[in-house]
Structure formats: C-alpha cells, structure tokens
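Single-letter residue listing:
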Amino acid sequence: MYPILVLSVTGLVTLFLGFLKSKKILLPASLLFVAVAFLSNLIDWNSPGLYFYEMLEASNLSILFTSIILLSAFLIMALSKGFIDDEHAHPAEYFALLQFSLVGAIMMTNFQNLIMLFIGVEILSVSMYILTGSDKRNLRGNEAALKYFLMGAFATGIMLFGIAMLYGANYTFNITDARTLLLQPVTDVRPVFLYVGVTFLLIGLLFKVSAAPFHFWTPDVYEGAPTIFTTFMSTVVKTAGFAAIYRILEVSFSPMYNFWWVMVVTMAILSLFISNITAVSQNSFKRMLAFSSISHAGYMLLAVVGLNNKSGDSIVFYSLAYALATISAFGVLMVVSKDRLVDGRPNENIAVLNGLSKKSPFLAAVLAISMLSLAGIPLTAGFWGKFYVFADAASRGHIWVLVIAIAMSAVGIYYYFKPIIAAYMKDGEGDNIQLSSFYKIILGFTTAGSILLGLFPDLVRELL
Amino acid sequence: MLALTLILIPLIGSLVLLLLKGSSVGSSKNTALVVSLATLAVAIYAFTTFSTQTTIGVKYSWMKDLNINFHVSIDGISLLLVLLTAFLVPLIIASTFKHTYKNHASFYALILLAETALMGVFMARDIFLFYFFYEAALIPVYFIAAIWGGKDAPRITFKMFVYTIFGSLFMLVALVYLYMKGASAEIDQLATTAKLLSPNAQNLLFWAFFIAFAIKMPVLPFHTWQPDAYSESPTPATMLLSGLLSKMGVYGLIRIMLPFAPVGVANWGQFGMVLSIIGLIYGSIIAIQQNNIKRLIAYSSFAHMGLMAAGVLSGNINGIQGALLQMVAHGVNAVGLFFIVKIIYDRTGTRDLTALGGITQKTPALSIYFMIIMLGSVALPLTNGFVGEFLLLKGVYDKNAWLGGFAGLTIILGAVYMLRLMQRSMFGESNDITAKFKDVSGSEVAVLLPIAAVVLIMGLFPNVFLKITEPAVNSILQMMK
Chain A
50 MYPILVLSVT GLVTLFLGFL KSKKILLPAS LLFVAVAFLS NLIDWNSPGL YFYEMLEASN
110 LSILFTSIIL LSAFLIMALS KGFIDDEHAH PAEYFALLQF SLVGAIMMTN FQNLIMLFIG
170 VEILSVSMYI LTGSDKRNLR GNEAALKYFL MGAFATGIML FGIAMLYGAN YTFNITDART
230 LLLQPVTDVR PVFLYVGVTF LLIGLLFKVS AAPFHFWTPD VYEGAPTIFT TFMSTVVKTA
290 GFAAIYRILE VSFSPMYNFW WVMVVTMAIL SLFISNITAV SQNSFKRMLA FSSISHAGYM
350 LLAVVGLNNK SGDSIVFYSL AYALATISAF GVLMVVSKDR LVDGRPNENI AVLNGLSKKS
410 PFLAAVLAIS MLSLAGIPLT AGFWGKFYVF ADAASRGHIW VLVIAIAMSA VGIYYYFKPI
470 IAAYMKDGEG DNIQLSSFYK IILGFTTAGS ILLGLFPDLV RELL
Chain B
28 MLALTLILIP LIGSLVLLLL KGSSVGSSKN TALVVSLATL AVAIYAFTTF STQTTIGVKY
88 SWMKDLNINF HVSIDGISLL LVLLTAFLVP LIIASTFKHT YKNHASFYAL ILLAETALMG
148 VFMARDIFLF YFFYEAALIP VYFIAAIWGG KDAPRITFKM FVYTIFGSLF MLVALVYLYM
208 KGASAEIDQL ATTAKLLSPN AQNLLFWAFF IAFAIKMPVL PFHTWQPDAY SESPTPATML
268 LSGLLSKMGV YGLIRIMLPF APVGVANWGQ FGMVLSIIGL IYGSIIAIQQ NNIKRLIAYS
328 SFAHMGLMAA GVLSGNINGI QGALLQMVAH GVNAVGLFFI VKIIYDRTGT RDLTALGGIT
388 QKTPALSIYF MIIMLGSVAL PLTNGFVGEF LLLKGVYDKN AWLGGFAGLT IILGAVYMLR
448 LMQRSMFGES NDITAKFKDV SGSEVAVLLP IAAVVLIMGL FPNVFLKITE PAVNSILQMM
508 K
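These protein sequence lines are chains A and B, in that order.
At position 63 of the first sequence the residue is numbered 112 (this note's numbering), and the sequence of numbers has no breaks.
At position 165 of the second sequence the residue is numbered 192 (this note's numbering), and the sequence of numbers has no breaks.
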C-alpha cells in the first residue's frame with residue numbers, strides 16, 4: 050500500500066523541485082522516489098490484507114504487478130536522460146505526472162472496490178493524455194493527444210456506466226461481495242444489468258490495454274507521442290490494465306466464465322489477427338511496435354481465456370518479459386533516431402537501423418535480443434511468456450484458439466526480424482554511435498533480464 | 028554429469044570467445060577448435076564407458092510448479108548422434124582455417140552455440156527441453172548463414188527461418204496438448220498417455236509432428252527452402268545444416284513422433300512414406316541435371332533425407348536402425364562433400380560443373396578423398412552408406428514391397444548423379460580454370476582424412492554402432508505397442 054502514499058507525496062515534491070534553477074536534480078530525485086516506492090512495496094510481501102476501509106487489497110500477486118510497474122517506470126525514467134530534460138521542456142511536470150500516473154496504475158492492481166478501479170484508471174489516463182501531447186510544437190503529438198483523450202474519455206465513460214450497472218445488479222462496489230452474490234443460487238434469471246455491466250466494464254479496460262476492436266487509437270497515439278511516453282504507455286499502462294482485467298474477472302466474475310469467455314476469446318483472436326497482419330506492412334519501427342503491442346494484448350488475453358489458478362502468474366511473467374523487451378526496443382530506437390531528423394522529427398523508420406551492427410554492436414545485440422523475445426523465440430523470456438499463456442488456454446481445452454495464436458506468432462516472426470535484418474545485414478550511413486555508460490547499464494540490464502528469464506523462468510514463477 | 032559436460036563445454040567456449048572479442052583471428056580459430064576437440068574427447072569417453080545397463084544422465088528441476096525438468100540422458104540413439112555432432116563440429120571449424128571471416132570471434136562463438144544446442148536436442152528427455160534446444164539450434168545457424176552468406180543470403184535464410192519455425196510451432200501445440208493430457212513432460216511417461224488418446228487425436232498429433240520434422244529434414248513438399256539455403260549459405264553453415272540440423276528432424280521422428288503418435292503412424296505413415304519416396308526420386312532427378320555442384324549436393328541431401336524419413340515411418344527395427352546408421356553416414360559424407368565443393372570453389376572461383384574438369388591430374392590426393400566419400404554417398408559395400416541404405420530399403424520393403432521397389436531406385440539414381448559429378452569435375456582434360464589447381468594443403472587433409480577414415484571404418488564395422496542403438500530402438504518399438 051505504501052507506494053501509493055510514497056508516490057503521491059513525492060509527486061508533489063517533484064513539482065516543487067521544478068522551482069529550482071537547476072533541472073539536473075529532477076531525474077536522480079525521481080529515480081530515487083520510484084526506487085523508494087519499489088522498496089516500500091515489498092513491505093507487504095506475504096502479509097495480505099485490506100487497507101483504507103476495504104478499498105484496496107494487498108496480495109502477493111498485486112505486489113508483483115506493482116513491482117513490474119515500478120521497475121518498468123524506473124527503467125523508462127532512467128532512459129529519459131537527455132530527452133525530456135532540455136530547457137524547452139518542463140521536466141518537473143513530466144516527472145511529477147509520471148509519478149502520479151504510477152499511483153493510478155498501482156491502484157488498478159490492488160483495488161477491492163470498483164470505485165477505486167475507476168479512480169485508478171482516471172488518474173493514469175489523465176496523466177497519459179497530457180504526456181502524449183507534451184511535445185507542444187509537434188502537430189502529430191497534438192493530434193495524438195486529442196485522439197487519445199477523446200477516445201479514452203469515451204471508453205472511461207462506458208466503463209463507469211458498466212460499474213453503475215453492476216451496482217444496480219449487486220448493490221455493492223466490493224468485488225469480493227459481488228462474487229458471493231454470484232455464487233448464491235437464484236430462483237429466477239439474474240438481472241440483465243449484470244451482463245451489460247460486465248460487458249461495459251470489460252470494454253473500458255480492454256480499451257486501455259489496446260485490445261482489438263478497441264485498438265484504433267493505438268498506432269497513431271504511439272507514433273505521435275514522444276517515444277519515452279510511448280514506452281511508458283506500452284509497458285506500465287498495459288501491465289496495470291491486465292492486472293485490473295485479471296483481478297476483476299478472477300475475483301468477481303469467475304462464476305460467470307461461460308458468459309464472458311466468448312467475448313474475451315473473440316477479442317483475443319481479433320487482436321492477434323488485426324495486429325499481426327497489419328504490422329507486416331509497416332515501415333515505421335514505432336508503428337510496428339504499436340501493432341506488436343496490440344498483438345501482445347491478444348496473447349495476454351489468452352491467459353484470461355484459460356482462467357485457472359495459474360493464469361495470474363502467467364500474466365505477471367508475460368508482462369515482465371514484454372516490458373523488458375519493449376523497453377530495450379524503444380531505448381534503441383530513441384538513441385538511434387535522436388540525431389537523424391526528418392522534418393524536425395526523429396526518423397523512426399526501420400531503415401534508420403540499417404548497419405547498426407557496425408555503428409554500435411552493443412545496440413544491435415540489444416535490439417536483436419529484444420526482437421527475439423517479442424517474437425517468442427526460445428532462449429528469451431518471451432518464449433516462456435507465450436508458453437505459459439498457451440498452456441493456460443490449453444488447460445481449458447481451447448486447442449483451436451492455440452492453433453490460431455501460433456499461426457499468428459509465425460507471422461510475428463516475419464516482422465520482428467525486419468529490424469534484425471536491417472541492423473545486421475544492411476549497410477547504413479552515419480557515424481558510429483557513442484553511448485553513455487549510463488545507457489549501457491540500463492539496456493544491458495533489460496537485455497540480461499530477457500536472457501536470464503529465458504533460461505530460468507522459475508526465477509519469477511517461484512515467487513508465487 | 029557426463030551429459031551435462033557435453034552441453035557446458037561448447038557453451039562456455041562460445042562465451043569465452045565472445046568475451047575475447049578483441050583477440051586475433053588465429054586465437055579465435057584455435058580456441059574454437061580446442062573447445063570442440065575437448066567436447067569430442069568427452070563424447071568418446073562417454074562412448075567407451077557406455078553400457079546399456081546404466082544410464083548416463085542428470086535431472087534438475089527447471090520449472091517446479093509445472094513439473095518441467097532439465098533432464099538430459101544418453102541412451103544408444105543419443106550416444107550415436109552426440110558422437111556425430113562432436114565429430115563433425117571440429118571438422119567444420121577446421122574447414123574454415125583457410126578463410127578469414129569478419130567478426131571472427133562471433134562467428135566461431137555461434138558455431139559452438141549451435142553445437143551446444145545440438146547436444147541438448149540429442150540428449151533431452153523432457154519434451155519442453157527438447158523443444159527449447161530444437162529451436163535454439165536454429166538461431167546461431169541462421170545468423171551464420173545470413174550474416175556471412177552470399178548476396179541474397181538475408182532473404183533466403185530468412186525464408187528458411189520462418190519456414191522451420193512455422194513447422195516447429197505445430198510441434199509446440201502438439202507438445203502442449205500432450206502435456207495437458209498427461210500432466211508430465213517426461214518423454215517416457217508421456218508415451219503411455221499418448222496410447223490412450225482417440226485415433227482422431229493421434230492422427231492430428233502425427234501431422235503436427237510430421238510437418239515439423241519434415242520441414243527440418245526436409246521432405247517433399249516442404250523442401251522449397253532447402254536448395255537455396257544450402258547453396259547461398261557460407262560453407263560452414265551449409266555443413267551444419269546438412270550434416271547436423273537436418274538430423275534433428277529424423278531424430279525427432281524417432282524420439283518424439285513414433286512413441287507419441289503410434290496410431291497416427293499406423294494410419295498415415297504410408298502416406299508419409301509415399302511423400303518421402305517421391306521426394307527421393309524427384310530430388311535425385313534434379314541432382315542429375317544440376318550443373319551447380321553445391322546445389323547438386325544439396326539435392327542429393329534432400330534425396331537421402333527422403334529415404335531416412337521413409338525408413339523411420341516404416342516403423343520396424345530395420346527401418347529405424349538403418350535411418351540411424353544412415354544419419355551418421357550422411358552427416359559425415361555431406362560435410363566431406365561440401366568441403367570438397369569449397370576447395371574447388373576457393374581455387375577455381377566457380378561451382379559450374381561444365382567449367383571444371385581434369386582436377387585429378389593436378390591433385391590426385393583430392394580425387395582419392397573425393398572418390399572415397401563419393402562411394403560412401405552412393406552406398407557401395409564396405410563404405411559407410413551401404414549398411415544404412417540396405418537396412419533402410421529392407422525396412423521400407425517389409426512395410427510395403429511396392430514402396431521398397433521405388434525406394435530402391437535411389438541406388439541407381441544416386442550413382443548416376445554422384446558419378447557424373449566425379450567424372451565431370453575430376454576427370455577429363457584440364458582447362459584454363461583448372462590448370463593451376465593447387466594440391467590439397469595440410470589443414471585440408473586434416474579435415475578430409477578423418478572423414479575418409481570414418482567412411483571406411485563404418486563400412487567395415489557397422490555392428491559397433493548397430494549394437495549400441497539396438498536396445499534403445501527396441502524400447503521405442505516397445506513403447507509403440
């Protein structure tokens with residue numbers, strides 16, 4: 050529970066730090082704050098309990114989700130060095146907003162009350178709307194922010210509507226009580242509110258994790274937003290969203306599995322189809338990663354479809370594997386595209402990676418391993434992530450879903466290899482890339498993590 | 028422990044090479060050679076201490092909650108392929124000694140990494156460990172082929188990569204399905220579960236496994252990636268692909284498909300045999316008409332793999348034993364032949380059969396080695412190809428006399444294309460291109476001599492190998508009942 054308190058306070062402190070003349074202190078201070086939050090998160094380990102008048106619940110699963118969120122946030126903030134702390138920007142506001150958004154994300158992992166879920170989603174989303182448009186002079190960024198805001202607000206509205214319906218059906222916001230009610234036998238049919246409520250709630254959350262068919266905002270917003278916030282969106286927001294989806298379906302609505310699984314499986318398959326097929330023809334690396342993010346939402350939904358007592362672990366592992374690989378990929382993109390401007394914007398085409406293995410063997414290796422991990426090739430964490438979600442889907446007997454998912458991962462291999470081929474087998478222009486040791490440590494950490502989890506997946510699985 | 032050492036030595040060797048990136052070309056080559064020879068020494072030690080009573084293996088918990096273990100163990104079949112791998116990798120490394128590759132440390136590290144994974148595949152006793160190594164073997168070879176390959180290599184090797192991964196994903200579905208049914212990942216335990224499955228499920232399992240392994244070998248109609256990949260890759264990658272990686276496919280058929288889908292094999296095995304034998308004849312006919320010598324050997328590989336697949340699918344002891352022996356023979360011969368192609372290409376700059384001729388006059392030594400390896404490849408008695416091919420044809424014939432007859436064409440067709448290759452390149456009048464052909468050097472003899480020796484030794488004493496594998500093959504046949 051402590052990270053929520055810590056980050057609320059430190060977020061405010063960060064805002065005030067902005068008054069200082071030197072902006073140099075902001076990044077180390079924010080990193081320190083997130084690190085403190087990370088440590089404070091571990092206090093509740095193995096001591097589950099309800100907090101704040103039964104509004105929030107700490108459990109080992111929610112602590113793991115929170116840890117992944119804070120770890121991703123820490124790495125992303127560290128990578129932001131040199132990108133958002135220049136004199137034109139407002140680093141204090143950015144770092145404060147990032148910390149506030151983390152508060153929202155953490156609430157989404159351990160809500161016990163639907164109101165808390167709603168507040169968490171809102172805190173996270175509003176921060177993200179602002180950060181998406183933070184590059185004020187960039188038209189694409191402004192368009193992205195507006196698009197994200199309009200569609201996001203609409204989705205949140207639907208979600209709130211769903212929560213209201215559920216209250217109408219259950220007379221409670223508490224998710225455990227809702228389950229107790231569902232388990233009681235009823236003489237006549239359950240109110241239709243209940244079904245509409247579950248559907249609407251799911252739609253709202255699936256929008257946040259950019260699952261098809263609620264994914265239309267994703268490519269444009271990912272492309273328009275500054276890369277650092279795109280990374281944040283595709284890791285922190287997605288982890289929080291899946292933590293919430295899993296929590297609400299597992300705790301509250303697992304008795305209604307027969308009702309919602311058809312809907313979830315449809316969306317999983319749609320996500321896999323649309324994203325993988327579209328990603329094949331993308332030339333922009335960033336857009337390709339946006340579609341890849343949609344496809345990974347599809348894979349994670351498979352764990353939800355195969356809901357069993359292991360699915361939570363599968364989603365945790367998948368989120369972590371995905372976050373590590375995504376941060377590596379975006380990190381490489383940020384460095385490589387930084388000084389290669391096209392129309393005043395960084396060149397984010399796949400061609401910008403051409404000849405990377407000669408310009409910086411380290412970055413090329415980081416890129417290759419992150420792509421292999423996203424493609425789910427053995428030796429990397431991504432493979433076990435896929436393996437676990439496939440095993441979950443298989444445990445409910447959905448073999449045909451597996452066949453589709455596997456055919457789509459074969460398609461995925463095709464486009465994930467494009468950057469690798471560009472980096473290793475094509476000749477590019479430009480000078481060698483000098484990398485600060487700070488960057489090397491961060492990217493080395495994410496890459497080593499991908500490999501280590503690929504060899505010893507039990508490192509994370511054993512925790513639960 | 029012995030099994031684990033076989034995996035660890037090349038793995039550590041490749042890491043050391045990567046760490047010593049700045050060192051000279053010579054030291055990279057020597058380190059890689061020493062590491063691979065150390066692996067060979069361990070493999071030979073395993074061979075001498077091997078007995079069918081005791082098992083050599085270790086089992087560590089890998090994923091506790093899923094009951095998935097790091098379980099490697101050596102039985103007769105594994106031992107044979109471990110020996111093959113350990114024998115060929117030093118030769119492949121030695122074959123590169125004349126050549127300087129850019130980024131040499133990474134190059135040799137990738138070869139050793141491939142060896143690590145191959146050792147893992149041939150010893151794994153846990154289905155997911157098997158899958159893990161099976162995929163992991165492809166990655167280093169893909170990178171060797173794509174980065175150090177010819178101009179068109181990125182496109183062609185990428186096709187190979189997607190093709191084979193696509194196939195193995197079918198296998199993954201089948202393995203996950205079996206695992207869910209059997210609640211175990213041990214190969215031996217799952218075989219009992221597999222027997223209880225419905226015929227329908229068995230048929231699907233057969234197809235999932237068959238497609239996965241047929242792409243790897245390759246077998247008609249999944250072979251379209253192979254000729255291009257073999258001819259565009261740099262020779263060491265081609266050697267790895269034809270000598271070792273294609274054997275993973277046959278090994279998978281024996282170790283995974285036969286015990287897990289016995290009913291499926293009974294229902295569809297003959298169909299698979301028909302495909303394999305059509306592929307055999309088709310590949311041979313193309314090889315006969317081929318003028319590019321590297322492609323010619325690629326197609327001859329394709330034809331040989333077809334016969335091995337047919338032998339395994341026949342599901343009797345002769346077919347499987349023959350396939351095992353032939354895997355070793357073909358692995359050794361293919362590496363030898365590709366090396367000779369490389370020697371010819373390095374000296375003449377061409378792989379065109381019509382431009383060659385008369386090399387014998389310049390270098391009788393090369394043509395003697397070539398002759399021995401070629402005779403092994405056409406399965407002349409007293410060479411390594413003979414016993415394997417004989418047993419394979421016997422196995423196929425026992426299953427279906429007609430198929431046996433057609434498969435027998437391989438003896439004639441194989442002789443036609445190999446003798447044509449020999450005659451057009453080695454004999455006849457020398458011309459401008461071959462006039463200055465230099466004699467084989469010491470490092471080349473170091474590769475060719477062991478290969479030629481093995482061709483003859485295996486031809487004279489096939490029983491040494493057959494005796495090792497027989498109990499293991501019998502136990503697989505027992506599982507199928």
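Keep in mind that the hints were calculated from the coordinates and are not lab data.
Any given hint might turn out to be false.
The list that follows gives simulated cross-link-like pairs (lysine to aspartate or glutamate, EDC-like), each with its CA atoms no further than 20 Å apart [as the list claims (entries may be wrong)]:
{"hint": "1", "chain 1": "B", "residue 1": "Lys508", "chain 2": "B", "residue 2": "Glu497"}
{"hint": "2", "chain 1": "A", "residue 1": "Lys467", "chain 2": "B", "residue 2": "Asp179"}
{"hint": "3", "chain 1": "A", "residue 1": "Lys185", "chain 2": "A", "residue 2": "Glu142"}
{"hint": "4", "chain 1": "A", "residue 1": "Lys489", "chain 2": "A", "residue 2": "Asp507"}
{"hint": "5", "chain 1": "B", "residue 1": "Lys129", "chain 2": "B", "residue 2": "Asp92"}
{"hint": "6", "chain 1": "A", "residue 1": "Lys130", "chain 2": "A", "residue 2": "Asp388"}
{"hint": "7", "chain 1": "B", "residue 1": "Lys178", "chain 2": "A", "residue 2": "Asp392"}
{"hint": "8", "chain 1": "B", "residue 1": "Lys86", "chain 2": "A", "residue 2": "Asp507"}
{"hint": "9", "chain 1": "B", "residue 1": "Lys91", "chain 2": "A", "residue 2": "Glu478"}
{"hint": "10", "chain 1": "A", "residue 1": "Lys489", "chain 2": "A", "residue 2": "Asp362"}
{"hint": "11", "chain 1": "B", "residue 1": "Lys91", "chain 2": "A", "residue 2": "Glu511"}
{"hint": "12", "chain 1": "B", "residue 1": "Lys508", "chain 2": "B", "residue 2": "Asp215"}
{"hint": "13", "chain 1": "B", "residue 1": "Lys389", "chain 2": "B", "residue 2": "Asp459"}
{"hint": "14", "chain 1": "A", "residue 1": "Lys359", "chain 2": "A", "residue 2": "Asp476"}
{"hint": "15", "chain 1": "A", "residue 1": "Lys407", "chain 2": "A", "residue 2": "Asp392"}
{"hint": "16", "chain 1": "A", "residue 1": "Lys475", "chain 2": "B", "residue 2": "Asp215"}
{"hint": "17", "chain 1": "B", "residue 1": "Lys86", "chain 2": "B", "residue 2": "Asp215"}
{"hint": "18", "chain 1": "A", "residue 1": "Lys196", "chain 2": "A", "residue 2": "Asp237"}
{"hint": "19", "chain 1": "A", "residue 1": "Lys408", "chain 2": "A", "residue 2": "Asp476"}
{"hint": "20", "chain 1": "B", "residue 1": "Lys389", "chain 2": "B", "residue 2": "Asp373"}
{"hint": "21", "chain 1": "B", "residue 1": "Lys208", "chain 2": "B", "residue 2": "Asp92"}
{"hint": "22", "chain 1": "B", "residue 1": "Lys178", "chain 2": "B", "residue 2": "Asp379"}
{"hint": "23", "chain 1": "A", "residue 1": "Lys359", "chain 2": "B", "residue 2": "Asp92"}
{"hint": "24", "chain 1": "B", "residue 1": "Lys91", "chain 2": "A", "residue 2": "Asp362"}
{"hint": "25", "chain 1": "B", "residue 1": "Lys86", "chain 2": "A", "residue 2": "Glu511"}
{"hint": "26", "chain 1": "A", "residue 1": "Lys407", "chain 2": "A", "residue 2": "Asp507"}
{"hint": "27", "chain 1": "B", "residue 1": "Lys125", "chain 2": "B", "residue 2": "Asp466"}
{"hint": "28", "chain 1": "A", "residue 1": "Lys185", "chain 2": "A", "residue 2": "Asp507"}
{"hint": "29", "chain 1": "B", "residue 1": "Lys178", "chain 2": "B", "residue 2": "Asp373"}
{"hint": "30", "chain 1": "B", "residue 1": "Lys129", "chain 2": "A", "residue 2": "Glu299"}
Chain A is nowhere near these chain B residues, computed Cβ spacing over 12 Å in every case [said to hold, decoys possible]:
{"hint": "31", "residue": "Ala73"}
{"hint": "32", "residue": "Ser88"}
{"hint": "33", "residue": "Phe124"}
{"hint": "34", "residue": "Asn130"}
{"hint": "35", "residue": "Glu162"}
{"hint": "36", "residue": "Tyr372"}
{"hint": "37", "residue": "Ala382"}
{"hint": "38", "residue": "Asp459"}
{"hint": "39", "residue": "Pro498"}
{"hint": "40", "residue": "Asn501"}
Yeah, the Cβ is synthetic: ideal placement off N, Cα and C, and Gly gets one too.
Going through the hints against the structure:
no.	hint	in the structure
1	B:Lys508 x B:Glu497	17 Å, holds
2	A:Lys467 x B:Asp179	15 Å, holds
3	A:Lys185 x A:Glu142	14 Å, holds
4	A:Lys489 x A:Asp507	26 Å, violated
5	B:Lys129 x B:Asp92	45 Å, violated
6	A:Lys130 x A:Asp388	15 Å, holds
7	B:Lys178 x A:Asp392	34 Å, violated
8	B:Lys86 x A:Asp507	16 Å, holds
9	B:Lys91 x A:Glu478	49 Å, violated
10	A:Lys489 x A:Asp362	30 Å, violated
11	B:Lys91 x A:Glu511	8 Å, holds
12	B:Lys508 x B:Asp215	13 Å, holds
13	B:Lys389 x B:Asp459	12 Å, holds
14	A:Lys359 x A:Asp476	46 Å, violated
15	A:Lys407 x A:Asp392	26 Å, violated
16	A:Lys475 x B:Asp215	46 Å, violated
17	B:Lys86 x B:Asp215	14 Å, holds
18	A:Lys196 x A:Asp237	44 Å, violated
19	A:Lys408 x A:Asp476	10 Å, holds
20	B:Lys389 x B:Asp373	15 Å, holds
21	B:Lys208 x B:Asp92	16 Å, holds
22	B:Lys178 x B:Asp379	18 Å, holds
23	A:Lys359 x B:Asp92	9 Å, holds
24	B:Lys91 x A:Asp362	13 Å, holds
25	B:Lys86 x A:Glu511	18 Å, holds
26	A:Lys407 x A:Asp507	36 Å, violated
27	B:Lys125 x B:Asp466	14 Å, holds
28	A:Lys185 x A:Asp507	45 Å, violated
29	B:Lys178 x B:Asp373	17 Å, holds
30	B:Lys129 x A:Glu299	54 Å, violated
31	Ala73	24 Å, holds
32	Ser88	8 Å, violated
33	Phe124	25 Å, holds
34	Asn130	8 Å, violated
35	Glu162	4 Å, violated
36	Tyr372	22 Å, holds
37	Ala382	30 Å, holds
38	Asp459	35 Å, holds
39	Pro498	31 Å, holds
40	Asn501	32 Å, holds
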